Structures are given as structure tokens and as C-alpha cells.
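> In case you want the letters, here they are:
2 protein chains.
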Amino acid sequence: MEKILEYIESNQERFLEELKTFLRFPSVSAQPAHKQDMINCAQWLVGHLAGIGLETKLIEGDGHPIVRARVKGTSARRLIIYGHYDVQPEDPLDQWLSPPFEPEIRNGKLYARGATDDKGQVFAHIKAIEAVLQTGQPLGGEVLFLIEGEEECGGTVLADYIKYEKANLSKDALGVIVSDCEMLDENTPAITYALRGMVALEIGLKGPNRDLHSGTFGGAVGNPAIGLTSMISGCIQPNGEITIPGFYDDVSPLEDWEKENFTKLPSEDEQLKTDLEVKSLLGPSEMTSLEKTWARPTFEVNGIFGGYQGQGSKTIIPSSAGAKITMRLVPNQDPAKIAQVVKAHLQRICPDFVEMTITDVFSTQPVLFDIKSPLIRSACEALGEGFGQETAYIRCGGSIPVVNTFSQELEKPVLLMGFGLTSDGAHSPNECFSVATFQRAIKASAALLGKIP
Amino acid sequence: MEKILEYIESNQERFLEELKTFLRFPSVSAQPAHKQDMINCAQWLVGHLAGIGLETKLIEGDGHPIVRARVKGTSARRLIIYGHYDVQPEDPLDQWLSPPFEPEIRNGKLYARGATDDKGQVFAHIKAIEAVLQTGQPLGGEVLFLIEGEEECGGTVLADYIKYEKANLSKDALGVIVSDCEMLDENTPAITYALRGMVALEIGLKGPNRDLHSGTFGGAVGNPAIGLTSMISGCIQPNGEITIPGFYDDVSPLEDWEKENFTKLPSEDEQLKTDLEVKSLLGPSEMTSLEKTWARPTFEVNGIFGGYQGQGSKTIIPSSAGAKITMRLVPNQDPAKIAQVVKAHLQRICPDFVEMTITDVFSTQPVLFDIKSPLIRSACEALGEGFGQETAYIRCGGSIPVVNTFSQELEKPVLLMGFGLTSDGAHSPNECFSVATFQRAIKASAALLGKIP
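Chains as they are written, first to last, in our numbering: chain R, 3 to 455; chain S, 3 to 455.
Bound-form chain R, shown alone (with noise of 0.2 Å):
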């Protein structure tokens, strides 16, 4: 390990300039316009791979190319390391310091698209292979990297691949390592034991065929934005409390333990108002902002439109208007369940006088795994020695679908040992990653490596 750790120091300043390649392509998996980037991105993983020594595959579906990677072990057990190499869009470009694909390091942040979500990260693990190997350190078992292009965008290419050789990658697999998440804080490492799902849908309302002079026909004519934002405040009153019928019905309670811990991870609601520079924040004041976003239901509007949008003002009644919607679910919310009871109290409070679309973009389920897992043992301590802190246990807000598939298709644990943080800023303006945290994750990756079984 001495020699793994030597390695991984006196290469830092490469590993970052790798980074910084790696970040520089706008593979931004949502936007049609970038298929050629997605495409390049990958094939300079490949190649990044197999120059490390590890016999690496593209494999090609409908979708964006999944990275496959591997290098054997003295065993035959396995150990999968997920990761991904599509990013968010980058908008609004006018709120980035410097420009979202030309990776610029400040104040100890590597600031880029992607950089936390998910590039830095699975590259943590890919330079912890690396360095394994390169200092000739047996590894006990096989590492598989799966690294796709569609985690932003809702794609199936890697769930179907996983469901098709779902017999070859569960045989001997001792689990899956997901570093797609966060740490307690920029100096606490932590495993993350629960996710929350989500459903994702998108409303549009259709009033008159064209865009009418509000002059003319306004008190006649039904305004679907109008109708749109009573839909809207059908289902959620401001304080964030669901009005939809049946929603909250299966969510699960806290354990105990859960309670407990909760109270003892430190609060950071003072802290969330000032960063964000909000008066306040939202929900029931008993609850801590952990509590609300690890362990609560949400509905949000992601993005509302409709009409003009311009300079200046347009007198009209626009014949359209729509919302993106997505729900945040936790343990025990089925997702199939969830679409259902709301599209059926949409269809309740639609006005008449639009046509509603319901599209389903995408869901996936709330997951909770057991925190006295052997894996999740092994991670604990690996985290610790690349951290030099104590590993805490906390769930996440968001949603990785991946980790459902993995979760239900392998029936293999899954490890969420994450590596960013709040503060990085992914899908936001000005994301980055934490230069520090690069180098330890590395450090607990081939930690972990090295207690494969």
C-alpha cells in the first residue's frame, strides 16, 4: 500500500491535467447537438483505459456508447465500479466564472462541467486502478469499470446492457461501487445507505390553435397558462406540502437508529440560507433540511413555459403552455403507483377548456440498503484510511437509477462511497470538485482495491 500511496502522490499533477482532458469535452448527453462529443468522450476513455492496462470494449446501442473496462484478478470474484462520462447542460452560460468545458483550478477547486458529477469521481477510481497497477500490486479479484453516457439524460442503453448479461455479471460479483454522490462534508468521508426515486413527467396544456390578441378574445377564450398554474397549485401548496390525494400514503418512518443520527449530523439550514441567499427555507421548522431532503416526498417544477417570453410585452392568450414535473420519492413510494395517483388527479383538476399531455419521461425507485453489509464494511474502513476520518452513514436526496438496476438486476450490493459536495455545484452554474478530495478518493480506492477478498 506504501508504494500504491507514493505513486498516487507523485503523480498528482498528471492525474489532474488527465482530469482537465477528460472535463474539456462537452458530452452532454441530453442535447442531440453533442452526439459527436459523447462519442469522442468515450473513445478517449477507452483509450485512457487501455493505456493503463486494462482490456477495454465500446459498446454501442440506440443510445450514447457504454466504456467497458476490465483487469483480472487472482480470484474470480469481481468487484463492478460504475461510473458516468455524460454531463447536465451547461446553461445559464452567463452565470460561469470560467467557461464550463475549459477546466480552470481556484482556490483548490478544478472548476468544469462534470467536474463532481460524474467525471472526477469515477476518474478517482480509474487512476486508483491505475495505480495498482503500475506499482505491480496484486489485485484479489477481477475490477469491471461500466461507465455510460445516458445517467443525464435517462437512458436505457446500460440497464439494458446489464439485463442482457445480467447472468455473466452477477456470477462471482461481489458488488457494485457507485461513486455518483457525497461526502458529510469536505473533509468527512461518508457511505450513503439510501436514495430517493423519482417520477418525472411532462404536462402540456393545448387551448386555441394559435396565439390569440388578448384584446379581442380575452374573457372568452380559456388561457392555458392560467389553467396550467391552477394545475400546478392543485398539487402542492407553497409551503411544500402535497395535495395530491394518496401521496403520501407509503412513505416509510425513520428507523431508531436513523432518528438518532440525524440529530447528531450537523445542521446546516443557517448555513443553506446564506449560500443561497434565500430569507427561507421551505417545509415543517421540526424538521432539519437532512431530514426534508433525505427522507421526504417532494414535487417540483423543474421548468415552466408558455406564451411570450421576449422583450417588452405581447398582448396574447398563448395557445400553449406545459411544465416539467418531478417527484422525489422515498423508501416504500412505488413509482408506477405514485405516476398513477397523480395523472389520475391531474385529469381531476384539468380545466376543460385545454387538452392535457401527460409524458412520461422517466422514474425509478427509492432505495435503502443495509449499512452491515460486507461491502459496506470493507468501504467504511477503506474510506477511512484514504480520508484519515471517521466514515459516516448518511442517505441522499437525489437519484441514481443505475444503482435500482444494479440493485435489482445483480441482486448484489451496491456501495455508495460518493465523493462530492453540496457545494460543488452539480447541475449548476460553476460546478467543481474539491483538488484534496481527488487525491484521497484515489487513496480510498486503492485501499478498497486492496481488500478485495
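Calculated directly from the structure, the hints in this document are not laboratory data.
Keep in mind the model is a prediction, meaning the values are calculated, not measured.
Check before you lean on any hint, since a few could be wrong.
Put simply, identical chains are the same to the list, so a pair is met inside one copy or across any two.
Only pairs whose alpha carbons sit at most 25 Å apart, straight line, appear in this in silico DMTMM-like list of lysine to aspartate or glutamate [unchecked claim]: (1) Lys37 - Glu104; (2) Lys208 - Asp277; (3) Lys316 - Asp64; (4) Lys111 - Asp93; (5) Lys339 - Glu272; (6) Lys111 - Asp213; (7) Lys316 - Asp362; (8) Lys266 - Glu188; (9) Lys266 - Glu20; (10) Lys111 - Asp354; (11) Lys261 - Asp271; (12) Lys22 - Glu57; (13) Lys374 - Glu392; (14) Lys208 - Glu279; (15) Lys74 - Asp362; (16) Lys208 - Asp93.
Given chain R, work out where chain S should sit, using these hints.
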């Protein structure tokens, strides 16, 4: 009057050719590229009016010039005729069946941008004065044309001129004729005796200082798009009922003759549903659409925006959201008072997790003219003579800012006698003007000129 009618009939072909020449100028006031076309069009008009025998002047200010032309009568009394020579942009060009600035007659209609709005309508008055002058008929008073070039771009040159020349213009004035509106149907002339006013506002809600990951923050941080929907729902019900306290306080009830008049006018509700492809109309079923659009105030969302609007999904809590709002006001509602009432209500219902800004965009007073005024009575008779049909009294749901300017500055009646139809497609591709209406309008205008006391 017989000689005049004969003159109008025998010169019909030439009148149409001249109107075509007027329509060939691409006098698009909103587009700087057409600045020279605007000047060319105004100069042509000056030349044309001088040729008929009027004393003309091009009034130039910071914007597009005003064409002023007058001819004295036997008395000092003055009738002002308003019009505009500027037109809307022609786009979408690919939807025109014949080029917008190459006038073409098909099935009794003259197709060109500006045909009905407003070149055809104002040119009817010009040909009427020509007929009176060329046939040597006496004019009871002065006729003064004010034909502006900024109606479609919201310029202030004419309003500035009216304010500046207020004393001279109002002295001895009988009133102002505005023909930039509609008839009841293709055969029935109409006098528009009321217009709705307007208050236009823009609401902006600012939440967190950046777009946030809806998994990490959802449940703890308020969503401005949800705040906005709750606020709009707090202003208006989906059935169109405005729930802002005090909003309806000053709405004048309809007079008995109007109620009776509204029920006599043909209801177009079924046709409207078919044309617009909507299943149902808005508002109380006991009111016709005419009453709803003419005599009831509205609250419209002209545009709503916030968060992600691109393809697919982006799981964020948007940093901000906004809406463009216009309210149409009816006689006796005061825009300043309504703006105040609405803003106070918005402040009251604004969730505390967002900061709101309200921008005043513009406002205009509703107007209501006494149909018993001598000018309106004379016009009613003249229209009947020109069209061979009884004149209808109608309101209009829209606003014509210049009508307010004339009415407030000169304190004289404004006569709204329109020759257009909704189906003429003002502001739309394939704008047209009926050739038969053009001739009847010239006759009606000539008849009105003969009635100047």
C-alpha cells in the same frame, strides 16, 4: 351627394390602383431596415394629398414622420381624421399566398400587408375628400388628416405632437375619426363606442442564487416556479374569475340598452369554438362572448417562464421564474388604481422564500363614448348611406392608445368607425381588405363629410 357617388363609382378602378401603390411601400415601422421605406411612403402620401388639393406638411420628430394634410371649409369647425401608414412586419413570409408588398386581388379581396390595417381604411377617407373636392361640393368645416407612422411600433411622435398642438387642434374641433377597427360583419357597418383599457405588468420571482439540484435541495428550498403558480392561482380562478380583492369594484354595469343590444347581436360562440378548436369557452354561460370580451375585465398570463425548457428533463429547482401579465379593464376602472390593488395583492400572497419584483410595462384607460353625441349620430347615418345597412353599435375588447390620447388631450369625442373584419387577418399572413367595403367606406366617409355642420 349624387355627383359625389357618381365620381366614386366611375373612379373605382383608379382608386384601387392608387391604393395598391400605397400598399407597395414596405413601411414596417418596427424594423430599422425599413427607415427609408417609411420616408418614401410618407412622402408619396404627402404628394398624393397635395395632388387632391390639400395643404400638406411632413412633421418630423425623433421617430417616423407624421403626414398632416388639411383643407379649409366654410366654417372654422374642424374634423380630424386619424390613420397610420405604417404596417406590421410581414413574417411568417412563407405563409403568404402572394407577396406581402405586391398587392393582388383574389375573390373580391385585396391582399397585401397593411390592406386593412390601416392603409385601406385611411385611404377610403382620402378618396372621400377627393370626391368632395373634385366634384366642387362645399365642405362645412375644415378637414384635417393626421396620419402617423408609429402605430405598430409604439412610438410617441404623434402623442407628443398632439400634446404640443393641443390648443390649436382642439379649438373648434368637432371630434376625431379613427378608422382602425372593425365592422360588425362584412355587410354591416358599426360604430365602436367603447374600448377596454389595459394594465401590463411583469412579475419576477427570485429564489436561490442559482439553479439547484432537485435531489440535493428538494424539500428544503422553495421553488420560485411553484411560488409563481400559487400566486397566479391566487389572482384568478381557472373559470376566469379574478380573485384580487377590489378588482371588480369600479366596473360599470351595462346600461339597459346595451344589455338589449348585446342579446340582439349575433352570438358567434359556436363558430368561435370551431375556429379555435377548443372544447369550451370561458366564463359564465349566461353571458355571450361579446359581453365577456367587450364589457368584462380580464387577467391574462401572456407569457410564463422559469427553469429548464429544452429537450428532455433537467432535475433542478430553478433559481427564478416570471410571468408577463396584462389586465384588460372596462369603463370606470382606473388603470392606476387597479395596478395598485393588484400589486398590493401580489405582495400579500408572495411566498417568503422568494423575492419579488414587479415591473410596470404600460397602462391605458378604458374609454366609453356617448352614442348620443352629434358626431356619432351623423356617422351612424353616413355609414347607413354608404353601406345600405343599418349601423350597429359595438364595443371592442382591445385598446387603441391613440384614442385615449385624442380623448384626454383634446377633450372631444372620438368616432371609431372601422371598416375591417377579424377575418381580414390584421397582423397575420394574407392580410386583406374587401374591395366592396373599400368603395362603401369611401361613400360613407363622403356622406359624413357632407354632414359637417
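> Which hint numbers doesn't this structure obey?
5, 9, 10 and 15
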